[in-house]
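Please dock the two separately framed chains into a single complex, following the hints provided.
Listed below are the residues making up each chain.
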Amino acid sequence: MLEVRHLSKTFGGLKAVSDVSLDVPEGSIVGLLGPNGAGKTTCFTIIAGFTKADTGHVHFAGQDITGFSPHHICRLGMIRTFQIVQPFVGLTVQENIAVGAYLHHPQRREAMAVARDVGKRLGLGGMLDRPASALTIAGRKRLELARALATGARLLLLDEVMAGLIPSEINEIVAIIRQIQSEGHTILLIEHVMQAVMSLVETAYVLNQGRLIAHGTPQQLVADPEVIEAYLGHGAAARLQEGHHA
Amino acid sequence: MKFQSWGQCALAFFAIAYLAGVYFASSPIWMGFSINALIVTLAALSWNITGGLGGLSSFGHAALYGTGAYASAILQVKYGVNAWFGLGGGIAAGAAMGAFIGGLAFRYGLKGSYFALVTLAFAEVLRICASSFEWTGGGSGLQLKLMPGLAQLQIIERPWIYTGLLAVVGLVMFLTGLIKHSRFGAYLIAIRENEDAAEALGINTYKIKVQAMAISGAFGGLAGVLYLQLWLFIDSTVVYGSAVSVEALIGPIIGGAGTVWGPLLGTLGLHLLGEGTKSLLPNSPGLNFVFYAIVLICALRFLPQGFVGFAARFGAFNKKERDDA
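Protein chains in written order, with the numbering used here: chain A, 32 to 277; chain B, 229 to 553.
Since the hints were derived computationally from the structure, they do not count as laboratory data. C-beta: ideal position from N, C-alpha, C; glycine also. Mixed in with the good hints there might be a few duds.
Claimed, not checked - Partial selection, computed: residues in chain B whose CB lies under 7 Å from chain A:
| id | residue |
| --- | --- |
| 1 | Pro-256 |
| 2 | Gly-260 |
| 3 | Asn-264 |
| 4 | Ile-407 |
| 5 | Arg-411 |
| 6 | Asn-432 |
| 7 | Gly-502 |
| 8 | Glu-503 |
Only chain B is shown next, with the shape it has when bound in the complex (with noise of 0.2 Å):
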């Protein structure tokens, strides 16, 4: 990870201190806030793949995110699998439903509002579908059977529930790096800047963003059965609803789209203030959402490269970039 500015340093800075300093919180409420912050983060780094470097804006992460967490969910209730085995078929079924999609999606070269679209359309099937069938626990959802311990993958003790999510973030922020830094990240940074001449460079574009499907759909798998982890129980409608799908993307366009520490500081920071107008309006429920829209319009008019691209303006390293910007 390369950082440009001092800005960018401050706000690595406050993030890593703002989740150091939760374990010193005096109130419990900021840690399960945390928790759920970071795996929101986790949907949104997944979101941040498609969305962010290949410029796929997708609306329907919760296709992703949801079936991972009801392929770990039925293989663990139905078929009586270790949660392990079950985290590794929810990484598979979520690489394998964004390949589906993708692969379909591209084949018809579908693109913009198309894409984003088609893949809302994808969720709301899915989640219509697993309310319906009893294999997926119909409307009453799937519920995991109480088995405190790592082996089966349930922590109850929420320091260390707090910790690895930690440890996941961090891992997915660093892969995000590498695969940003590499030969396949450049590629998907040139469909999105341009896919004609992309393709005309040698570029298998329709390869490339497939792949980035599969890879953003392992990411959404993983968070989604994390999730199942955590609260033992899933429904269609928290796993597939479209705030999956909005939140997913919304972290990242705040933070920074296609910037490793992006999906991070966007949700974290949207996470905060959600929060803060919750607890100074207690009785008005859902407002929290108006502000959401209002932070999401400024941030698109004043930062359109998020907080991650405001924060480069401040103290660059290099002169000539900051001219530039």
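Only chain A is shown next, with the shape it has when bound in the complex (with noise of 0.2 Å):
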């Protein structure tokens, strides 16, 4: 359903996409993993139109879209949510959501009934009629994939839904992403909590200085050296096997 090849995107000296190529087939979710700063981002920002790349290109659904606008790309089917939630929060829960559904129900009336529909689907039910910034984060978190739900988007781009939750919290979203994949969704999401992704993520990228160092099922990735120094410095791979053999 998403291509992408051959990504590179420098911000001054700094090569922070580097030759990045990944494959998102449809009805999976794919995870895109990684330390700190290692650019999983800023993948995001251009596979979603935010940024230009310098080279390369991304295929949506057999449709270069190299390029477009982010506008234009929520209008084609595919929606990224922000790591630090971007909530309107002078409208209510509701009006939120709406925003999203307009996209494709130009009547207030229709809208609104998406909105409450989705809202209430994402556990947002009690507080359609709040003011957005009267949820807590998890609740904020969930305000975002019900707005980019709203959209009508097939393919959602989620970048670290479950950063700053409690485990029991985490627990509640991947349900959630679990049961937005069973409704025919696609999804490619940046996580950093590794439970979570080891739990629902059928296959990984894993992203390191701007490159891609590893691609695999979740058990084939945490064995893996390169992934392993990656996270933990380098000579870490070395000294586990150590550990594990004394």
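So, in structure tokens, the structure goes:
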């Protein structure tokens, strides 16, 4: 559904993203992992059209969307969420979701109905008439998801939807993401919370210093020495091995 | 239009009671004063679309107001066009000027104070141009021929002027309400709250902002034309001067930016205060501007959501909302 080919982006002298290629098949949940500063969010901003890549191509649903504007890409059915949640704080929860729903429902009545429906599905039913500013962090993350879903997008790029949540909230949002997938959506997610990723994604890509260093199932990745070193530092894999033998 | 509390109902009731009371006032001064306030209210309603709903704070709405007034005056004086066509031309010219300024400013991603400065610059450049060219009447301005009657939109009887303006203000407020509760309005508010998130949700933010400037320009042009039809005379300072820009933004900010009633309430409140101080201190012209400034500072400090937001706290219909306020 999404094919990214040889994406590169340089900020000044820093290679933020270097020759990244990845595939997200329709109906799957794919992870994009990596330590801080690996270039994960930059990848997202390029794929979603917020930043222009220096080189490389992005294909979505068979169409070359390289260089399209974010609103155009959203119209085609791909949407990103933000790592730092961006609610419209002056609006109610339902109005927030309706802004997404308006994309394919120009009438206020329909858009608000869709918003109510999506909000209820994501467990925001009791908060619909409250201002978005009254939501907790977990609530705001759900709102971010609800707004994205309300646009009718088929592919969701989720940027750290679990960061800052407590374990019980993480379990809830993992269940919601599974539910979204079972409804026919495809998901590419950036995540730090490894435990959640392990249970959620089918395959994952690991980025380090802008380069892809590994690709595979979560089980393959945690055994990959290069991945371990990216997270824990040079030589860590060898020391872990020694530890096991000792 | 939806009221959220008894406080807001009371506020709207006072405004309507005052506006109706003007018909029965003993002195004609009240009506003359209210006519001026209503024209400023129209400019304020124009600013409210971009500055209030869209968060695009313009400091140069005189550019739209003046363009409407000048377009109509030139059509009438230089080309002998009927005033009603002049009205249409003024509204169209205001909308075109709004779209032009917005198109340029947003193309280069100007926001916040940069956008404010660019709009101010546009208004000033237009003011200087209007006072320099013979075509716009130069320094002496443009004067319409006196042709009383509805056919040339020159109404002499004050109660009829006042009634007509009330109807126009009511219409523009109604349109504001429609815009606010439409998809376009929701998109504009989303842009005000968070432009990146709006863009991510499939909103063509550039297009929406330029359209908002065009609508605002149409309302501003309308206000300028009505000023012209009232006084039959304009020059560059009265319609392109920065006083117009300031009055257009100060009313909505004090009354409640982005609300339907805010521009009317804020403008009326400020003008009453201004007149009051003028009559209390008759020998110090200009002192009312000091009071304007003090009220503005107090409003920004104590009433960040203006009169309308303040009134929402009293007797809210929905208890939850009051708790959150």
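Structure-based check of each hint:
no.	hint	verdict
1	Pro-256	43 Å, violated
2	Gly-260	38 Å, violated
3	Asn-264	32 Å, violated
4	Ile-407	12 Å, violated
5	Arg-411	5 Å, holds
6	Asn-432	5 Å, holds
7	Gly-502	30 Å, violated
8	Glu-503	33 Å, violated
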